[in-house]
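2 protein chains.
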Amino acid sequence: MAQQKKMVDAITSMDEDFAKWYTDVCKKAELIEYTSVKGCMVIRPYGYAIWENIQRILDGMFKETGHENVCMPMFIPESLLQKEKDHVEGFAPECAWVTYGGSEKLEERLCVRPTSETLFCEHFKNVVHSHRDLPKLYNQWVSVVRWEKTTRPFLRSREFLWQEGHTLHATAEEAIEETERMLGVYTEFCQKYLAIPVIQGQKTESDKFAGAERTYCIEALMHDGKALQAGTSHYFGDGFARAFDIQFLNKENKLTYPHQTSWGMTTRLIGAIIMTHGDDNGLVLPPDVAPIQAIVIPVAQHKEGVLDKANELCERLKKVCRAKIDDSEQSPGWKFAEYEMKGVPVRVEIGPKDIENNQCVVVTRHNREKTFVSLDNIEEVILEKLAEVRDGIYNAALENRERRTYIAKNLDDITKALEENGDGFIKAMWCGSEECEDKVKELTGVGSRCIPFEQETLGDKCVCCGKEAKTMLYWGKAY
Amino acid sequence: MAQQKKMVDAITSMDEDFAKWYTDVCKKAELIEYTSVKGCMVIRPYGYAIWENIQRILDGMFKETGHENVCMPMFIPESLLQKEKDHVEGFAPECAWVTYGGSEKLEERLCVRPTSETLFCEHFKNVVHSHRDLPKLYNQWVSVVRWEKTTRPFLRSREFLWQEGHTLHATAEEAIEETERMLGVYTEFCQKYLAIPVIQGQKTESDKFAGAERTYCIEALMHDGKALQAGTSHYFGDGFARAFDIQFLNKENKLTYPHQTSWGMTTRLIGAIIMTHGDDNGLVLPPDVAPIQAIVIPVAQHKEGVLDKANELCERLKKVCRAKIDDSEQSPGWKFAEYEMKGVPVRVEIGPKDIENNQCVVVTRHNREKTFVSLDNIEEVILEKLAEVRDGIYNAALENRERRTYIAKNLDDITKALEENGDGFIKAMWCGSEECEDKVKELTGVGSRCIPFEQETLGDKCVCCGKEAKTMLYWGKAY
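Keeping their order, the protein sequence lines are chains H and Z.
Numbering follows my numbering, with no gaps: position 80 of the first sequence is 80.
Numbering follows my numbering, with no gaps: position 337 of the second sequence is 816.
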């Protein structure tokens, strides 16, 4: 039997080529694999396990806020998609169309859902009649299809996994409250569980979801200074209800149009994790969603007693976290590199000397800090270390964002800031006109990201036209 | 405010029209709703919650047997589907075809996956090179599409939810072992958690999965005497590996074709639950997958102290099972009927007199047995009652199957048994020829269901041709 020397291949460094670094990590950490289906990918076990952890936590948060899961069909008849004018205009150009069932041409073509507002509306019309039927607080975990021209793993693919919440309420106030509540859930999820700091805000008119009255969003800043929209929450008013003729008898026994919301998060979050926390050694995973939280690596495992002790240690750790042992024949050095590549938050080494001293070596992934830890209370220390990793990567991401957030008073300020410091968020005042939004983009390359809930007064003049400013805006280049 | 008197509508009785009874239950228990997408349905919160429980339990069983979840694209390019000849012949006639992306005609059309063997094969070819890469034990939870002509909720729909396991092994023995292991998992799941007794067996040659060498299955008997295939597990040999040119270096350093399996269970299981356990009052849910296991119904809830006590009781029950209180303004009688319709295994009534006596009334759904239970140890009793429901419905289903299983020596026996006793399983000897299989079906209406693992000797002559019999077969009409 030939000894297999599979080495962990080096990846491109971030500074050299960030885009290449990103796809290297996706492949080498075994998150995805390409397929012959253009623009679609296989999510491999390690990548999918991250998604399962995301799902489990988010689903729990949805249920705690009173939501129920359902499942709508994956197809939308063309006539149904067309019922809301803005909506179909936004989505039709990127729909995949089913035209044949077996060998028979369909009478009406069906699109593979790019999003499911129209299906939920049809269903709401069937099941909502009285104020007693409201609110409806629904969610579904499915995949959707958008026929993108250029694609990248997790960030932009023709098919992606997501959850889409769809809710229906008796009043506008309730619906707006729901829209804000779910943005709050998304914010908490990103910051607490993914360790990604986000800016909460509202999209400008030109950047709203097709059919929405308002779109709220959370925006994160990636390691390269580009912005990434991590989640959106839309308030629809009663526009869809009118288009689909959904009415209910209110408490005064009058037929009324209900108010609607939708909100979604996608496998894009995995892209956000990679680009927020990753480094030149590969992935760095937030402990809450890491498939393996602690990897036990025996050192000199052929020596008597080492494997037994390492296994015993792993069993103890399994009681408090997702722990695993790698007792394969690869060298410890190979294993160190492998699990760094895979972003495992904590590595635990144990060899003959450690056993003699009743200790092990604990290394945290994000800063490679080494600690000798007594085996007596290893469970406790591992939990502390996991919390340390979570806080450490959150603070590093926040620090990166703050270092890369620039204040601009005029267009020159923007250009200069980007040239001198690299890409990042620009905070600047804005007059509220789409013209200025477009012009800023054209001349400096940064688009509007959101009108942040947390406003600051940075002067009273629009960064572009110099006329009276209405609001502060975050600008940036976006994924 | 007008008092709403929403009544629980009666459903068609089983004996009168079983098919109508079935769809009545699906609708009135709020499991599904129809849509304008022909042959597709909305799975409503109550129905989806059953599926979530099924998923959670099965997924745990898959992981315990070493399987990992992945996610393949939902599209299959036509050329990829065509690589295995038997497979494409079996599935192409019922594929939904995507021919346009946005306004552009695709160069190659894509089918929406009817099953994913071809995608898994393409992926295996990319990631499997050495015996060290084997086995691959994969599963995915997705929906698939088959363009059926006639459809029924859960039993046969154009889109359905399922899990599909796909595994790759170094040897035929290992692959066969896996095929059998997963049939065992399915059997345990059905019998233990769904309380549905099943027959384990092998499909005849003519009834195999397209591309399989062997198809194992579990068959259940519904209340009306029709058979339902509840799960299948396929052994592919190395046929797909050869078609897709998947090879690995074995321990002797020789290029070898690996051996493959796949296995699946679907939302059809919900149909099986309905038709195995349901009655003229509606659903009867196996406790392990019931979204609500115990419903607390306050009696005379306007009287002082009743609601407080009922809520307190519900909180106690929530600690041991999925309990819920209905304190809406509907009458207790309405609520009794409503939760019977929804198949909630245990109902707990509590009114002023009960409170005086420190007791409550517990009613089990399947036999409507009433017990007065002291509040002191209600948690314990509820768990006992849930176990009682599970055992009770399992035994009733087994009794029904045994009563409806007939032994036949010749074609007349079959016809007579069905005429005298109604539909059911026929056990009969078979010579092994497809000709006899077809003839039995043509002349008596029953098709071969499976060659059971548990063989009995019922004579030595084929039930059809009278020639030497090879094996005992189960026959039946099937969903």
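Hint data in this document are derived by calculation from the structure and do not stem from the laboratory.
Bear in mind that the values here come from a model prediction, so they are computed numbers and not experimental data.
There's no promise every hint is true.
As the list claims (entries may be wrong) - Which residues of chain H face chain Z? A partial, calculated answer using Cβ under 10 Å:
hint : residue
1    : Ala49
2    : Glu68
3    : Phe75
4    : Gly237
5    : Ile407
6    : Leu411
Claimed, not checked - Lysine-lysine pairs mimicking PhoX-like chemistry, simulated, CA-CA at most 20 Å apart:
hint : chain 1 : residue 1 : chain 2 : residue 2
7    : H       : Lys105    : Z       : Lys517
8    : H       : Lys136    : Z       : Lys517
9    : H       : Lys28     : Z       : Lys604
Yeah, the Cβ is synthetic: ideal placement off N, Cα and C, and Gly gets one too.
>> Interface hint check: Ile407/H, Cβ to nearest Cβ on chain Z, cutoff 10 Å. Holds or violated?
In response: 40 Å, violated
>> Quick check on Ala49/H please, does its C-beta sit within 10 Å of some C-beta on chain Z?
In response: Hint holds; Ala49/H Cβ to chain Z Cβ min 7 Å, cut 10 Å.
> Are the Cα positions of Lys28/H and Lys604/Z separated by 20 Å at most?
Replying inline: Given that 20 Å is the threshold and the Cα spacing comes to 17 Å, the pair holds.
> Is the shortest C-beta separation between Gly237/H and chain Z less than 10 Å?
Replying inline: 24 Å, violated
> Per the CB criterion, is Leu411/H less than 10 Å away from chain Z?
Replying inline: 35 Å, violated
>> For a C-alpha distance cap of 20 Å, please report whether Lys105/H and Lys517/Z respect it.
In response: Measuring from Cα to Cα gives roughly 14 Å; hence the hint holds.
> Does the CB of Glu68/H sit less than 10 Å away from some CB of chain Z?
Replying inline: Where the cut-off is 10 Å and the nearest Cβ of chain Z is about 4 Å from Glu68/H, the hint holds.
>> Please verify whether Lys136/H and Lys517/Z have alpha carbons no more than 20 Å apart.
In response: 24 Å, violated
> Close enough to count: is the Cβ of Phe75/H nearer than 10 Å to one in chain Z?
Replying inline: 5 Å, holds
Hint violations for this structure: numbers 4, 5, 6, 8, all remaining hints satisfied.
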